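Colleague: Residue numbers (my numbering), protein chains in the order written: chain A, 1 to 390; chain B, 391 to 551.
Derived from the structure by calculation, the hints contain no laboratory data.
Predicted, not measured: the structure shown is a model, and the values here were computed from it.
Cβ atoms here follow ideal geometry from the backbone N, Cα and C, with glycine treated the same way.
Watch out, some of these pointers could steer you wrong.
Stated by the list, open to error - Derived coverage of chain A by chain B (criterion: at least 3 residues anywhere in the stretch with Cβ under 8 Å from a Cβ of chain B; other residues may be distant): (1) 50 to 64; (2) 105 to 118; (3) 123 to 136; (4) 144 to 150; (5) 312 to 324.
As the list claims (entries may be wrong) - In silico BS3-like links for lysine-lysine, alpha-carbon gap of 25 Å or less: (6) LYS441(B) / LYS54(A); (7) LYS74(A) / LYS441(B); (8) LYS539(B) / LYS21(A); (9) LYS494(B) / LYS21(A); (10) LYS116(A) / LYS539(B); (11) LYS342(A) / LYS301(A); (12) LYS77(A) / LYS342(A); (13) LYS74(A) / LYS494(B); (14) LYS9(A) / LYS54(A); (15) LYS441(B) / LYS2(A).
Chain residues, written in single-letter form:
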Amino acid sequence: MKALCWEGKQNVVMKNVHDPKILNPNDAIIKVTSAAICGSDLHLYNGVIPSMEKGDILGHETMGIVMEVGSLVKNVKVGDKIVIPFDIGCGHCHHCEEENFSTCDNSNPNFMIPEKLYGHSGAGLFGYSHMYGGYAGGQAEFIRVPYVDTNSLVIPEGIDDDKVLFLSDIFPTGYMAAENCNIKRGDVVAVWGAGPVGLMAIKSAFMLGAERVIAIDHIQARLDIARTIGAETINFDEDDAITEQLRFLTGGRGPDACIDAVGLEAHGHTVLNAIDTVKQKVKLGTDRPDALRQAIQACKKAGTISVPGVYGGFLDKFPFGAAFGKALTFKMGQTHTQKYMKPLLDKILNDEVDPSFVISHRIRIEDGPDAYKQFNENKGDYTKVVLKFH
Amino acid sequence: MENIERNTDLKSSRNSIPLLDKDHGYYASASVTNPVEDTFNFFQNQDHVRKVLEDLPEGINNFLELQLSTAEAVSPDEYRVVWNNIQKNARGNLNFLIKASPIKGGSIITIEAVLEGIKFKDESPSTLMNILLKRMKALLETGVLATTKGQPSGREELKLH
Numbered sequence: 001m002k003a004l005c006w007e008g009k010q011n012v013v014m015k016n017v018h019d020p021k022i023l024n025p026n027d028a029i030i031k032v033t034s035a036a037i038c039g040s041d042l043h044l045y046n047g048v049i050p051s052m053e054k055g056d057i058l059g060h061e062t063m064g065i066v067m068e069v070g071s072l073v074k075n076v077k078v079g080d081k082i083v084i085p086f087d088i089g090c091g092h093c094h095h096c097e098e099e100n101f102s103t104c105d106n107s108n109p110n111f112m113i114p115e116k117l118y119g120h121s122g123a124g125l126f127g128y129s130h131m132y133g134g135y136a137g138g139q140a141e142f143i144r145v146p147y148v149d150t151n152s153l154v155i156p157e158g159i160d161d162d163k164v165l166f167l168s169d170i171f172p173t174g175y176m177a178a179e180n181c182n183i184k185r186g187d188v189v190a191v192w193g194a195g196p197v198g199l200m201a202i203k204s205a206f207m208l209g210a211e212r213v214i215a216i217d218h219i220q221a222r223l224d225i226a227r228t229i230g231a232e233t234i235n236f237d238e239d240d241a242i243t244e245q246l247r248f249l250t251g252g253r254g255p256d257a258c259i260d261a262v263g264l265e266a267h268g269h270t271v272l273n274a275i276d277t278v279k280q281k282v283k284l285g286t287d288r289p290d291a292l293r294q295a296i297q298a299c300k301k302a303g304t305i306s307v308p309g310v311y312g313g314f315l316d317k318f319p320f321g322a323a324f325g326k327a328l329t330f331k332m333g334q335t336h337t338q339k340y341m342k343p344l345l346d347k348i349l350n351d352e353v354d355p356s357f358v359i360s361h362r363i364r365i366e367d368g369p370d371a372y373k374q375f376n377e378n379k380g381d382y383t384k385v386v387l388k389f390h
Numbered sequence: 391m392e393n394i395e396r397n398t399d400l401k402s403s404r405n406s407i408p409l410l411d412k413d414h415g416y417y418a419s420a421s422v423t424n425p426v427e428d429t430f431n432f433f434q435n436q437d438h439v440r441k442v443l444e445d446l447p448e449g450i451n452n453f454l455e456l457q458l459s460t461a462e463a464v465s466p467d468e469y470r471v472v473w474n475n476i477q478k479n480a481r482g483n484l485n486f487l488i489k490a491s492p493i494k495g496g497s498i499i500t501i502e503a504v505l506e507g508i509k510f511k512d513e514s515p516s517t518l519m520n521i522l523l524k525r526m527k528a529l530l531e532t533g534v535l536a537t538t539k540g541q542p543s544g545r546e547e548l549k550l551h
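In isolation and in its complexed conformation, chain B is listed as follows (with noise of 0.2 Å):
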């Protein structure tokens, strides 16, 4: 129910800014260059969604456990997908807008990420935010989370022998 109420508020919010509130929720938005249905697939997969995490900065990832709750077509152009973060915790919603916005010979594909009901200590909600919906769209975008773990540096010089 509680998240039925946040998408109204979402829906609502197209036509107006929506302000950082700290007692409402944290938003981010991205658009994508994917058509929308496969963006509401990807949004939905749990791969997707576990490989981002892992890929999340150390300290952020350890506030979410994300367990999809709801996937649904809210119209033709808009879908919504709900993760709920069951992280004992911090629990509470991740909410996706997925919506399809018409412009001259096309459309647009945005994505509306709403962080609800988690309160954090340390960690900035709008930094999680904007990182995991940037690094969703990027594995959707591109198939890969770009990185450098792993490359070599003159940090780990070699010994000759």
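Extracted from the complex, chain A is given alone in its bound form (with noise of 0.2 Å):
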């Protein structure tokens, strides 16, 4: 099958590689349909995630239809067409009971090597470095997903791939990420990043009953889509004092919750971003912290930070001061994507959203390795590329 690797920094290249097998009895082989290109790829792409290795197929955004399924398999039949989470979940340890399935104790086979890093592992996901699991990822013509009654969402036939997709990871990120915000009525929620999650949140940040929220970027392009969906925005290419920007909007109080959906890659003009961007470089720093930073300093008195953005490892200059002072409120982490893929597709089939209005590109398979130099160096352009197969 043709699949999408990774061969090292900024280096993407499609090869001619086996076919999935079973290798699991809860086991079952998907041909896929439609894959995209997540913004989190990117820092595979640019290096800055650990643990990956020459080869490893990349993808985790990932839908397509049941080929075979191992023994064990439940609740999906050969023919149906699923949409599979990022995250893998085995279904039946304590963290999976509770519904908090990216942190599931049993599917990273690796599970030493975050042990080491962070004390406990998180779950295996799909086409996301050997730290966690070494699964083979999506963007490829077949995928083997393991604990398949847990990490799949049939979907009803005559749906449009491209309206259900994102169920896979963006759109219960962006929903988790607001959900996290305890969202009050007449809530303030400023969004750092306008990406496909970034804007995933704003869109879900409104569904729960935000009365404003604001977008906090640098690509125009990307503001513009925000707009569309009805967020004010802030370019800080063209003013980057966003925090008196943000007091100054919300009647000095500051919002009421401030979602990071940039992680560990931040763009600005701060000093300490520059210093975070060589440290990154000539690796004395891993993560690039600015957004998280800026929305402590901009965040009201016991706010709630939401942390969506993906971060690896550990983090300077982190005002956690500042955060002590004013009470905040965190909430992070992998999103516990099973829990939401249910209610948010009845929300797409009520037409209450349509996921779908984030793609910019739909492309061959044989157009990835461009697309992902296209992605990373073009985001105006680039929001949401989708790969489409068979």
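Using the supplied hints, reconstruct the complex from the two chains, each of which is provided in its own coordinate frame.
Modeller: Below, the structure is given as structure tokens:
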């Protein structure tokens, strides 16, 4: 089969590789119909997520048709069209029983690596480094899905892939980020990053009752999309006094909740971000957390910081004193995707939301390597790239 | 006799924090969602133990060749399973104490594992214990061991003719 493989920093190659096969009796093999390139794939592309190996198959936003199931599979059958969550839950451990699927105890065969780094291991993830299990991803013609009874959402016939594909990651991720803000009527929510997750967070914040949402980015094309879904916008290339602007826009109080949908590769004009950038380049630092610093500074006293953006290592110059002094609440982490897929599918089927508005490009897998390059270098034009198969 | 004495140590450790003591034994613990009786039965099953040993990282599994020694109820809420290591160069015991501890609205099932009497030159016994117990837990809870062995990758690119 054809698959997009990580071959090193800023080097993605389409290769012909073996088809996947059933390895455990609760696996299924899926013929991929659509797969997306995620903003977090660019962290892999740029080499800032550790434990990638040359030849790893990328992709964690995937859907397709069930071709084969193992002997223990109960909930899906051959011919079903399913969306696959990016995180892999076993469905049986304490954390999965509590619907905290991204912290599954059992799905990461390489749990020893994050245990050493983080104290405990999270779930395995598709196509997202060996620290997260080393599972082959879905930017390929076929994918093996372990524990498929837990890691699938069967889609009714006749629904266009584009409408439901993002149930695999960015829609639940944006929704959980907004839900973590504990939004009350009249709340103002600020969202750093108007990429796909940020846009989904904006949409979700309004769905959950936010009065106003303010999007912060420096790519005008993305801010323009944010405006079309109701957000006010701040372009920090035009004015980087973000905290002051947010204070002004909120009657001096600051946003009730701040969402960091940027993660470990923040851009910006601050001195600290310049230091972060240099340290990351020379491997003296892991993460560039300037969006998070700004969110902490800007947030209302006793407000909430919600972090769907990916972080991987250690944060330098992290203003924890400000967070403590302002009595902030932090909520974060990989999304418990399985928990949100069905209720959000219902919202799509009820025409309450159509996540396909983020798609900018539909391409063939052969064009995948160039799409990675373009997505990384030209975020204005490339909002969301979807690979179409079969 | 050695095992019974160690078991006493384990029981007494419930009210104190067990220390990692190279002369005494190596501890690991895990909690599972299965009922205590199922867990007890699982931990004395040769097939399950063999499957987990086969899955251990190369090098580590060379140190263990286990034979069931004891499987008994210590109390209605506490069970003990002891496997003797019969591997020539690394004899000793692997002890599992399976406990149902009451909590509000139910009970929590924990497994304390102690590896004792086995000396390793190069391998970390605490690493081994942790990996072994986590694999046992995964097999018990899900019926399978998470794996990627045999999956495709670009490291084995096919040549098209």
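Colleague: Take the hints in turn and mark each one as holding or not.
Modeller: Checked hints:
no.	hint	in the structure
1	50 to 64	holds (count 5)
2	105 to 118	holds (count 8)
3	123 to 136	holds (count 5)
4	144 to 150	holds (count 3)
5	312 to 324	violated (count 0)
6	LYS441(B) / LYS54(A)	violated (30 Å)
7	LYS74(A) / LYS441(B)	holds (24 Å)
8	LYS539(B) / LYS21(A)	holds (11 Å)
9	LYS494(B) / LYS21(A)	violated (44 Å)
10	LYS116(A) / LYS539(B)	holds (22 Å)
11	LYS342(A) / LYS301(A)	violated (35 Å)
12	LYS77(A) / LYS342(A)	holds (18 Å)
13	LYS74(A) / LYS494(B)	violated (33 Å)
14	LYS9(A) / LYS54(A)	holds (10 Å)
15	LYS441(B) / LYS2(A)	violated (33 Å)
The structure is inconsistent with the numbered hints 5, 6, 9, 11, 13, 15, although it conforms to all the rest.
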